[in-house]
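J.: Chains A and B, in that order, are what the protein sequence lines are.
Position one of the first sequence corresponds to residue 17 (the numbering used here), numbered consecutively onward.
Position one of the second sequence corresponds to residue 455 (the numbering used here), numbered consecutively onward.
Calculated from the structure, these hints are not laboratory results.
Heads up, a few of these hints could be off.
Covered, in the sense of this in silico footprint (three residues per stretch, anywhere, with C-beta under 8 Å from a C-beta of chain A), are these stretches of chain B [what the hints assert, rightly or not]:
1. 469-478
2. 487-495
3. 508-518
4. 524-531
5. 541-551
Cβ coordinates follow ideal geometry from the N, Cα and C atoms, glycine included.
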Amino acid sequence: MTTDLLAFLPGLLTAIGGLVIMILGAFRAKKQVVVPSTLLFLLGAFGVAIWQASMPTSVAFSDMVRSGSFASFLIAIIVFAGIVTTLVNQEVMQGRRAHSPEVYAMILFAITGMITFVSSNHLLLLFVGLETMSIALYVLAGLYKNERHGVEAGLKYFILGAFASGFLLYGMSFVYGATGSLHFQALALASPEVTQTLFFRAGIGLMLVGFFFKVSAVPFHMWTPDVYQGSPTAISGFMSTASKVAAFGAFWVLLTPISFSVDASTQAGSGSMAISALYWISILSMVVGNLTSIAQQDLKRILGFSSIGHAGYLLMGFVVATPQAFTAMLFYLVAYTLMNLGAFAMIAHFERTFGWTDASMDQLKGVGRIAPRRVALLSLFMLSLAGFPPLAGFFGKYLVFSAAIEAGFVTLTVVAILSAIVGAFVYLRVIGQAYFEQGESAESQSVDPQKGMGWGMVIAASLLAAGTIHFGIDALMPWPSLLDWVNGFM
Amino acid sequence: MISIEWFIALSAVLFTIGAIGVMVRRNAIVLFMCIELMLNAVNISLVAFSSYHGNIEGHMLVLFALSVAAAEAVVGLALIIALFRNTLSVDIRNLTLMRF
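For reference, chain A alone in the conformation it holds in the complex (with noise of 0.2 Å):
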């Protein structure tokens, strides 16, 4: 039993610290106590996590969670995008009314779903762990409740979210008919004849309508730019990162045996119709995704469709399938948590301290001026979404890349680097817009010179920052690369 709990103790950090401050904010404490403890709980996860992911892949509570290698890596990212989230959050929420201890109970809550969700081994525990991060994210997007802006987030979240559960739970039912277990194990060992079945196929389908809807790929992305418009800044980053990872990791874990062994018997089994659908899934997510972004004049929504579009470059990694793919899609996974948190930290900064009322590019006109340094981070994470070297967003690209040409998608890669192409227009006509453009409303804006970043603020950005600079040339340096640990794990 000691064992099955240590194995799952990021989880149970997670969950105790979300109970202690809800209980906090029932006895009405203060954000100096709130935001440490939250901070503390999360450091504690992290931690452990970092510990977990060099020891070896182990099961605990009866085969139905996995721990250690892969699985404690993806929990150490999304925690460190919690911590992330909370020290930007606590600055830049701060005396809003929506700004309450619970706020922080819910990320925490939010991430204890998270951790189920990655090191779940079982079709249970997967579906109790996307819904327990799910609903807590439902209560964040939804968080500025006297806002039109807010409550339309919240909701069409919301809708979108627990019809794709409903999809993704009939999917579980289906392949449960099929082979009389929800264990990951006994999917993946199931018999040609099991999964040459149509209920087998039907319920990986369905499985998959959920799982592109959780990773926001096309055509199931509608939601994505309108939830991260309305939800606090903050949040969205948040959403359109830890989620993600969560996502990849876990369907990664439960969808790539099915296809491997099904592929290695027949060509035509669920595996590979599973691969052709992902397939155009992914070059439709990266041409959709870039190619609207072109069109958006709306900060947060660029970054919500420019996610889209990385989410088709994360899908590559699950058709090519191989171990360099696996390992590309980790390190992927990694740079873009880094680079779209930053991005979203910058935004959520300049709209609290310029008094923004709303994220669009006419605001940023004339910003590099008053505040040259701070959008230079901007502009940092910016050029790494686009894919400059020698950032990290370069790396991981170049990673996915040439995974997929190696395995043979030369078609494949190709429409991906055109779309980089046309993403990397977007993010720079943004650096272009904050540092060439002239400002009506920046110039007379007064400015108070004080008003910089506070310690979250200026903790975070440069965490994110360091990172984003340095995971781009660490295979170059002579120590241990973030490449080989990742390598590691296969």
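Put chain B on the given structure of chain A with help from the hints.
T.: Below, chain B alone, put in the same frame as chain A:
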């Protein structure tokens, strides 16, 4: 003994009614009821498969699905109340502030 096909057909019909309802209805509460209908249709199929296979895993998943649906109802109804306070209606055609 009713054969399993009938249960699966019933659950498929209920699920389809729910899914179509989510797509065509405009009232947030009706939409929410349709989602609940979809989840309960899944529960029927899970229980049917569970007794067909003679193992307990499907029943377990049903219990968890029920409690998840209850938790979802709490958040969903709270969001619908917030919508009503802002627009004095529960018509989802009011959710057009952000669009492409």
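J.: Look at each hint and say if it fits the structure.
T.: Results for each hint:
no., hint, in the structure
1, 469-478, "holds (count 4)"
2, 487-495, "holds (count 4)"
3, 508-518, "holds (count 6)"
4, 524-531, "holds (count 4)"
5, 541-551, "holds (count 4)"
Going down the numbered hints, you'll see the structure goes against none, and every one checks out.
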